[in-house]
Amino acid sequence: MKRGLACFLAGVALFSLDALLFRTRLYPSLLEPDSSAGLFELILWREQQAQSRYGDNVVATLGDSTFAYYPRVANERTGETGYMFRSAGVAGSDPRLWYYMLRDLDPAARRYRAIVFGVRDYDDEDGPYDIANEMADLHYAIARLRLSDVVEFARSFHDRSLAFQALRGGLLKGIVYQSDILAFLAHPLQRIAYVELCHRGYEGWTYDYVETSRSMAGLRIDWAARKATFPPEASEHQRDTTNRYLLYEPAPQTGTHAAFRRAWFGRIIARYRGSRTRIVFLRLPRGPIPRPGNLVEKRSSSIREFASRPGVVLCDEHAFDALEHPELFQDAIHLNHQGCTRFSAMLAAEIARMLGPPNREPAVK
Amino acid sequence: MLFNTTHFFVFLAMVLALFYALPRALRRYLLLAASYFFYGSWNYKFIALLLALTAIDYTAGLWLERFPPGAKKRAVLIGSLCANLGFLGFFKYYNFLAANLALALAKPAHSFFLDIVLPLGISFHTFQSMSYVVDVYRGEQKAVRSPIDYALYICFFPQLVAGPIVRARNFFGDLYHWQRPTADDVSRGLFLLTLGLTKKMAFADQFAQVANRYFANVAANPGMLTAWSGVGAFGLQIYFDFSGYTDMAIGMAKLLGFHFPENFRRPYLASSITDFWRRWHISLSTWLRDYLYIPLGGSRHGAWMTYRNLMLTMLLGGLWHGASWNFMIWGGYHGALLSVERMVRGGRPAGEEWDWLYPLRALLTFVLAMTGWVFFRAANLPESLHVLGQMYAGARGQVLLAPWHIGLALLALVLALGEEKRGWGERVMRAPAPAYACALALMFFCIEVFGVIDASIPFIYFQF
Numbered sequence: 000m001k002r003g004l005a006c007f008l009a010g011v012a013l014f015s016l017d018a019l020l021f022r023t024r025l026y027p028s029l030l031e032p033d034s035s036a037g038l039f040e041l042i043l044w045r046e047q048q049a050q051s052r053y054g055d056n057v058v059a060t061l062g063d064s065t066f067a068y069y070p071r072v073a074n075e076r077t078g079e080t081g082y083m084f085r086s087a088g089v090a091g092s093d094p095r096l097w098y099y100m101l102r103d104l105d106p107a108a109r110r111y112r113a114i115v116f117g118v119r120d121y122d123d124e125d126g127p128y129d130i131a132n133e134m135a136d137l138h139y140a141i142a143r144l145r146l147s148d149v150v151e152f153a154r155s156f157h158d159r160s161l162a163f164q165a166l167r168g169g170l171l172k173g174i175v176y177q178s179d180i181l182a183f184l185a186h187p188l189q190r191i192a193y194v195e196l197c198h199r200g201y202e203g204w205t206y207d208y209v210e211t212s213r214s215m216a217g218l219r220i221d222w223a224a225r226k227a228t229f230p231p232e233a234s235e236h237q238r239d240t241t242n243r244y245l246l247y248e249p250a251p252q253t254g255t256h257a258a259f260r261r262a263w264f265g266r267i268i269a270r271y272r273g274s275r276t277r278i279v280f281l282r283l284p285r286g287p288i289p290r291p292g293n294l295v296e297k298r299s300s301s302i303r304e305f306a307s308r309p310g311v312v313l314c315d316e317h318a319f320d321a322l323e324h325p326e327l328f329q330d331a332i333h334l335n336h337q338g339c340t341r342f343s344a345m346l347a348a349e350i351a352r353m354l355g356p357p358n359r360e361p362a363v364k
Numbered sequence: 000m001l002f003n004t005t006h007f008f009v010f011l012a013m014v015l016a017l018f019y020a021l022p023r024a025l026r027r028y029l030l031l032a033a034s035y036f037f038y039g040s041w042n043y044k045f046i047a048l049l050l051a052l053t054a055i056d057y058t059a060g061l062w063l064e065r066f067p068p069g070a071k072k073r074a075v076l077i078g079s080l081c082a083n084l085g086f087l088g089f090f091k092y093y094n095f096l097a098a099n100l101a102l103a104l105a106k107p108a109h110s111f112f113l114d115i116v117l118p119l120g121i122s123f124h125t126f127q128s129m130s131y132v133v134d135v136y137r138g139e140q141k142a143v144r145s146p147i148d149y150a151l152y153i154c155f156f157p158q159l160v161a162g163p164i165v166r167a168r169n170f171f172g173d174l175y176h177w178q179r180p181t182a183d184d185v186s187r188g189l190f191l192l193t194l195g196l197t198k199k200m201a202f203a204d205q206f207a208q209v210a211n212r213y214f215a216n217v218a219a220n221p222g223m224l225t226a227w228s229g230v231g232a233f234g235l236q237i238y239f240d241f242s243g244y245t246d247m248a249i250g251m252a253k254l255l256g257f258h259f260p261e262n263f264r265r266p267y268l269a270s271s272i273t274d275f276w277r278r279w280h281i282s283l284s285t286w287l288r289d290y291l292y293i294p295l296g297g298s299r300h301g302a303w304m305t306y307r308n309l310m311l312t313m314l315l316g317g318l319w320h321g322a323s324w325n326f327m328i329w330g331g332y333h334g335a336l337l338s339v340e341r342m343v344r345g346g347r348p349a350g351e352e353w354d355w356l357y358p359l360r361a362l363l364t365f366v367l368a369m370t371g372w373v374f375f376r377a378a379n380l381p382e383s384l385h386v387l388g389q390m391y392a393g394a395r396g397q398v399l400l401a402p403w404h405i406g407l408a409l410l411a412l413v414l415a416l417g418e419e420k421r422g423w424g425e426r427v428m429r430a431p432a433p434a435y436a437c438a439l440a441l442m443f444f445c446i447e448v449f450g451v452i453d454a455s456i457p458f459i460y461f462q463f
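In order, the protein sequences belong to chains A and B. Each residue of the first sequence is one higher than the last, beginning at 0 in numbering that gives the first Met the number 0. Each residue of the second sequence is one higher than the last, beginning at 0 in numbering that gives the first Met the number 0.
The hints are simulated quantities; they were obtained by calculation from the structure and are not laboratory data. Keep in mind it's a predicted model, so treat the numbers as computed, not measured. Heads up, none of these hints are tricks.
Label pairs and their computed distance ranges (CB to CB):
1) R225(A) to F111(B): 52 to 58 angstroms
2) M134(A) to V343(B): 57 to 63 angstroms
3) F14(A) to V9(B): 18 to 24 angstroms
4) H258(B) to F163(A): 32 to 38 angstroms
5) V9(B) to S212(A): 54 to 60 angstroms
6) L414(B) to S15(A): 20 to 26 angstroms
7) F111(B) to G126(A): 49 to 55 angstroms
Note that CB positions come from ideal geometry on N, CA and C, so glycine has one too.
In isolation and in its complexed conformation, chain B is listed as follows (with noise of 0.2 angstroms):
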């Protein structure tokens, strides 16, 4: 059940009807029930390993709050950390290990392969899951006694598939000091929620098209200027797919009175890789600072350990996204330049200056952020080398992108500086009634004309 589709939609009209038509003591049974119909929709057995995560590391909070600091505390961390990497480790990344380790052993990649299908949001839900065992064993949050209310958590419909990676304190604040949506939230709410859609079916879907026609045979398609259209792309299709996404869920999530983070922060307007890095996957960015980057040291022990740190995080941030080289490359390619920005930075901090250098830094950053997706998109690392070759070394060739491409792409930055600089989301989200009214008919209009409605091209970040 895709969020794009009509059935999502009825689905949700029903969801919004029932949590408001019933009581409140049950309406988290009904998010609940909604939740685990939402994840069985897409493979029913899966909702066995997320009740088992979800006991696991519901008995491990109590068991962290009984203990006193010491061994046994300790013990109890680590083993729920282990059965959620075990998980995950198991069904995202075996059959990576297997393959290396057949080639490291000289024997055919499939030697030691296994027939698994990866459950749908495992990375999403396994992270958020242990940034709540996390927190309570630093005594940052209380364990919550309620087995429906930790399971509501960890499998909530609009953020369960793909993010964002919701803090415990911040959804159980929600939880249960609930209270009836705004007239501002329903605004937002439902703004995001057509934003959302406007951004995956007119945007992202459209470069879809494009970047998907380009990496399908990348040997057929040689030059500098089809290369860069093809990433350039696929790196509009990844950004406007996953803050579409995110920005449905923020919206839906509102319109049931709980609020999310924010996720994204026009990315592509960033200044240097580090404020692309507060800008792209917040949710995930900021949990890697808190859970992997600061634990390791983060910046305290001198810059080579700062540069380690920062490698470490990103490379392991890179293999969170999938099980190949390519992703580790990518999270190490991403290490390298923050660790490269902050040795050129000295001691000054990251700022976002608006100045008369600001265009060509963003579009350096820009330009490096594209050089890094294609380890993202490419298959393989000798098709990524192909792709970077033609990129900077190719033959003219020609633009894959239609005008009209174009003309989207530039509606989208015309905005994004307008929502940076002058704020016209938040403006439009307070205007009067015409005015709100006109925003969202234009939005769908957008999806009327340039969505791509009856070819089913789903979230990029449902296969993480």
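Same shape as in the complex, but just chain A (with noise of 0.2 angstroms):
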């Protein structure tokens, strides 16, 4: 019987301790800023801070890395749009983990005159893996899962094994961490001179951050033979890009992609339900030459279907396909900086346009 309540008190000491480490902000705010999970504190940190200096009138952007723009250049039209542009959107990242990055970085849902998600595709693609099973995620979002989201979270992965260790990593955070928490250890006050630094330059350098020049001039793919003619200062990257993410074989349609979106936009689009917060969507510049549409034949479009919900909007399908060059991208699923440049000016008016003129309401009362 004693050893039963020791077995009992020792699985709540255990559980005691994980919180008091990795629940709190004791150790998140040591997290090695270049991990998946430092950096998506990190991005959120950021934001938070600049909620006070931004004022009411902010458009927030969240996607991956192929919704790149310079919310610099989009906040010098401002004068003319009447809205500031912040991008909380994190490299690798997916609709799962933007719920839960809004979710702390908006708790009140109202903070933001509107959130636009940029995606590829309107239209539901499956790839060659089940989005759902990015155990990616777990590592990205540690930081903010709550007790509370533990079961639904590891739910939300089809594989059981991936379902379980994201349970398991949910539960006992420190399991999550311990590649970090391993480096910290052989390096500790680096690791804080690091934090430290990144916190006080973070601001700056991603909003005077500046895309590279290179470009995929010369590109020319023949899609019947489905082949790319390089040009010969191609990089390696250049090409295994091209060969993956624009040559590729698609994968049977199972529907798994469109599941994920309804899934996690849905949650999305449902907090936001009554807010003054519109959901906007839009379709990204897709590649220095994009897939033809008969390629693959896709059965849905959760995007579109997301249109008849209130406060969501959906841009012009086509609003940026003028970028859509082989001169405006570095590879091919990512524009360089001219094409970041006129990206952002056309991003600016486009949601300008399609919010209408700034209001005077309060974000958060």
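Hints are included, so try docking the two chains, each in its own frame, into the full complex.
This is how it looks when you write it as structure tokens:
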């Protein structure tokens, strides 16, 4: 009996210790800024800090690395548009992560005038793997997961062993932080100094960041033969991304991507129901030479389905087609400096057009 | 089904639940079925081998008891030992002998090779089975009447694949006079299970990553500090790995009402190599002492015969670990050290004195043990010699261990000293519930933060 009590107490002590270190700011404030969790936290922190400086008419954008634009350039047009742009996007992220990001970035769900999601396609196309099984999501969102999220988060993974890993990591966060902790223990002072440096400089580094001017100029694709002709100076990375993101063989269309989008965008939209915040979807410039639509039969369009929901707006699907030129891309999916500059200006104008003139309703009462 | 996997813990929980739910008369059948299932989960084909060995030694035990001392009895003993050693020799040493024969005949090394898979834990269960037969022959153990009981002795899952090598009298004593585990047994069982898991996952597997990195390509990792840290990492890995496994085995057995002997007693605190072997893999060293060293004459026939017996015992002990010249050299190295120690010590017994010279002696013993591990871990003799060259005459090199590795090693040292001098482990196991709970929680926290969780690093001694 006593040993039963001891085992129970041991469980309580373990969870308490884990919670004390990893569910408070104690350890998350020391996360390696270049790690998945550290980067996610740093971006969230940066955006939280920016909220007080940016007034009420802020448009937050969320996306992965393909949603690359310069908020600085977009904000140069604030005089005309009336909106300020902030990017809370994280490279490699997906709607599941954006949900957790927004929940803590905007707890009252009325901080922003609009939240803009950049997607590669309004139609749903299944890739070679099930996006719901993206284990990196656990590592990005780990600091945001609350105890009440754990079961739901784990269940969102379709693979049982991954779901178990997510459940285990959500309950005992130290398991997920492990490699970060070991790296911290190897050089604790260096880590603390680096974290401080990032907190001081991250806003400036990212706001003033300039993409490379390298381009895909000279790229030609024979879609019938599914073969690309690269300019002689094309890098290995450019060739690789072209093969992976443009010339790939379509995967069987099972509907998992649509289900994933419906689930997580659906939750985000539900959070903002009745809020002043508009949810905007836009189709990003697809690539230096976009794939023809007939290469795969897409069976659904979850994004278009959302258009009927209150507060949701879809940007014209072809609004940014003008940017789909090899000269404006640095590889098969990312805009280069010229592309980002043009996209930023177009984005600001398009969003302002869709939202109409900014109003004076305060963000948070 | 490794001990440090979720599958195993599900299996263990089911066995424990069923064990205590079933009537007492059925429990041994459950344990037997669970043990064969456990063994079969690795490779079900070897269950036949296990059954054959069990049948041979079970029958031999009955015959040995029936026959009066004399030629017939000796023939049964020899027959049983030949069967055991034959199986062991074929599965474990055939290819080693074939390679050496090919070398002697100047033929390609694989000329006589057979595609043999080593049955899991064969060295352990054959030694356990042989000890039973010899004990019955000597009249120190009654022959077991029930084949189920004997089969359970051979294949009891907590110690089937890597020991400890349990003597028949201890096992059958527990089996025939089984008593429900006391609260103290449960405390110890849970504590040892957790401790073993912590040793394996948080300590052994972390040091394994350093050692594996070093030994994967020793030529690419030159330098004295590099070699010492790679070898030191392996020394710590093998201790935490094997003693962790043993702790788990002892803990599980306790939860089932069985009491296994201690197999490790903080060997790196030993003050001499003799002391080291009294603390390292105790069930094997006492087996070798009782069934090899003493029958060879032990120390009863003068100094030189004692040295010969020590050398022979340790050479065979080395060979028991694996079929390679490196294991033979490792055994011979320890045999030589034991002989030299005995020569220097003269007639004085090897004590465990904690005097002012102790740190020096313990350090020297540790260094000698680490030097020996080179032969144990390196792929072959040239690689061993290369590593030894780097350890003792290499350029400076760099430490492969991160500061937290060193922190873990120091933590282990402090805990070992506390256990050695103050009996910390014993105190915790008897402590009130909150203190006991804190100890368990800290061990689990260690696994959480330091445990190698998703990379499956097998227990080293599973290959023996």
